[in-house]
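Peer 1: Protein chains in written order, with this note's numbering: chain A, 1 to 419; chain B, 1001 to 1306.
By construction, these hints were calculated from the structure, which means they are not laboratory data.
Please read all numbers here as calculations on a predicted model, not as lab measurements.
From the three backbone atoms N, C-alpha and C, an ideal C-beta is built for every residue, glycine too.
Check the hints yourself; a few may be wrong.
[Stated by the list, open to error] Example chain B residues on the side facing chain A (calculated, C-beta under 10 Å, incomplete):
1) Q1096
2) A1100
3) Q1190
4) A1264
[Claimed, not checked] Now the in silico label distances, taken between C-beta atoms and shown as ranges:
5) B:A1264 - A:T195: 46 to 54 Å
6) A:E141 - B:F1087: 34 to 42 Å
7) B:A1049 - A:H185: 33 to 41 Å
8) B:T1148 - A:G116: 38 to 46 Å
9) A:Y115 - B:F1087: 14 to 22 Å
10) B:S1084 - A:T354: 25 to 33 Å
11) B:D1026 - A:D314: 56 to 64 Å
12) B:A1267 - A:E227: 30 to 38 Å
13) B:D1026 - A:S224: 52 to 60 Å
14) A:H185 - B:P1089: 36 to 44 Å
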Amino acid sequence: MIRTILTTTALAAGLAAAQAQTAAEVLDTYADIAAAKYEDSLVAARALQVAVETLTADPSAQKLAAARTAWLQARVPYQQTEVYRFGNPIVDDWEGKVNAWPLDEGLIDYVDGAYGGPTDANQLAALNVIANPTFTLSGTEIDATDITPALLEDTLHEVDGIEANVATGYHAIEFLLWGQDLNGHGAGSGDRPWTDYATGDACTGGNCDRRADYLTAATDLLVSDLEWMAAQWTEGGAARAAVTDDERAGLTTILTGMGSLSYGETAGERMRLGLMLNDPEEEHSCFADNTHNDHYYDGLGIRNVYHGEYVRIDGSHVSGPSLSDLVAATDPALDADMRIRLLETMGALGQIKTAAEAGFHYDMMLARGDDGGEALIMGGVDALIAQTRSIERIVAALDLGGIAIEGSDSLDNPSAVFQ
Amino acid sequence: MRLTFIAAALMLATVPARADVGALLDRHILPGLAAFADATGALADDAAADCRAPALRPGLDAAFDAWLPVGDLRIEPSETGALSIAFWPDPRGFTQRTLARLVAEEDPVAGDPTAFAEYATDNYTCRLAATIAADLRRQAAALATAWTDGFAATLRSAGAPGNATYLSGDEALRAVYTQVLGGLEFTADQRLGRPMGTFDRPRPALAEARRSGRSLRHVILAAQAGHDMALALAGHDLPVTTAAMGRVRDAAGRISDPAFADIADPAARLRVEVLQQAVDGLHTAIAAELGTPMGIAPGFNAQDGD
């Protein structure tokens, strides 16, 4: 085995010097785009924070609508970062704080009677911390009198070790802005009244001040979490260093992120599973009915990483030498194939988005026996799986191409390539 | 130490020129799916005759036993098929919730009550079990057909003109090899990892099929499936892999509770940890003894998501 690798390296030596430079540039572009995406996510989250401050200071229907708009806008850059999640341990370890899903929302606030109470899987599924300033957890009294970022992050989030106890991040905020979607497979999203944030007698749903505190704390936490992640990708940041230190491992990271998000996460966990369960809440943004955009911008994020070109939320471009360039230098036909697959995925996800924006919402597509909805969703699933096969081909092609290798796990343990 | 041993063994092993995806289909996957279809047919017949729980248990055990050899495949027809045949893990409690709702509402989905008049006209749960068994038979037959009449040909014709899924034999090989290793990862991380939880918070209630006391048996059968598929692919003995499977059996043999219900006991937990390490060891052995000589690394896994 060792001799084989040495031979390959020796044969590729002449090529490797030239390609090493290219690989380094590709990784720089990848990190530059990450920095831009997380900074955009931060900028948009700060706008959400302002909208939440405005809402809680003087609640009105218009201000709730403005906060919802800010949330929807904040999702656009964030979803495009998800391609960085798998493969980058720094992102994956952190991601659960900002985008955990699915959630048992009864942990946070009041829910409809049909939601049910505690289950075998989650004894705290209906805790309702907004209505309960103190509660008992495994025999210990928990003081939740002051709803602070620290309470959400350190005590409530994934409390009792249950991942569905999501107390922080975009989807907790989404629930506080929209409320439960009680329309089942019918049209319409959550319809939380603005008066859930009203003061005095106008307050609906009870504990409006605690609800406002929760919304404020969750939004503040989202901003600080995004500040931290944006810093990891700047010059000298740990996430940037992790991908640029080792070219072979860095390229593997890019492809791992693209493939895992395409296949196991989006095509599997978020799309195929929801379709099988026929559950209208089994969609990524079930309160806001924004799932069509979640999938679409996930797909776009995968594509813009491959192309090494990202359009920022202010319209400016970040671009540079790309993985596409690197593949084209090794196998132009494979690069062309990958580009087509990515476009086909955007076409399929675009059809879902188009139908949803025309009024055929994602939860309607999930209804049992809805052939049109099933075809739309499976069109996205099939395209994502097809592009995953091309990503695997690129992994194989770049291995054969003799990309400069130093200290990669994959040398010692081939199966570590995708861990 | 173990790596050295594996490396030494590899130097002695005969490396196959080409692993045989066709043999894997013919010797393991297709007969396995047919046997599962037969077993679910017998279960459905049992349930039609007597849908009370004691009458169903032997058939359910046999159907589960037939499922495990092919149950961890998550590729093409089995991706959707496995989801609705053996939906687990179920972190949000869909199964419990759905069954509870059906029973509470006596949802007419359970079928025509007169069909089971002799035993069950007054017992909704009994009728529901029979209907689920009949549906399982339908699903098992559909899955076997989807492989036999469709996807098997796609795998066999890898690299042929017109096969847009697998452009070379190596791609088909990588696809099935990924299934072998993915199943073992699932067994170590989910079948064992879920009930283990953390030392401070073990979660025996999350063990697969714990109510029927089958959790440990599933681990053994799933590991055996990985071992058998590796051998079918190789077409010759894999001594390191077979030795690793022996260690899985030894470790399993020291576990006394078939549903890991005693996992909170530190000594019992340690025995389950040893089993988990043995399953990981089987994974390592197959990667070293089969994957590396073929020059194949696993591709993306359907269960890579969180």
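Peer 1: Confirm or reject each hint.
Peer 2: Taking the hints in turn, this is what the structure says about them:
no.: 1; hint: Q1096; in the structure: 6 Å, holds
no.: 2; hint: A1100; in the structure: 9 Å, holds
no.: 3; hint: Q1190; in the structure: 13 Å, violated
no.: 4; hint: A1264; in the structure: 14 Å, violated
no.: 5; hint: B:A1264 - A:T195: 46 to 54 Å; in the structure: 47 Å, holds
no.: 6; hint: A:E141 - B:F1087: 34 to 42 Å; in the structure: 37 Å, holds
no.: 7; hint: B:A1049 - A:H185: 33 to 41 Å; in the structure: 37 Å, holds
no.: 8; hint: B:T1148 - A:G116: 38 to 46 Å; in the structure: 42 Å, holds
no.: 9; hint: A:Y115 - B:F1087: 14 to 22 Å; in the structure: 21 Å, holds
no.: 10; hint: B:S1084 - A:T354: 25 to 33 Å; in the structure: 29 Å, holds
no.: 11; hint: B:D1026 - A:D314: 56 to 64 Å; in the structure: 59 Å, holds
no.: 12; hint: B:A1267 - A:E227: 30 to 38 Å; in the structure: 47 Å, violated
no.: 13; hint: B:D1026 - A:S224: 52 to 60 Å; in the structure: 58 Å, holds
no.: 14; hint: A:H185 - B:P1089: 36 to 44 Å; in the structure: 25 Å, violated
In terms of the numbered hints stated before, the structure departs from hints 3, 4, 12, 14, listed from lowest to highest.
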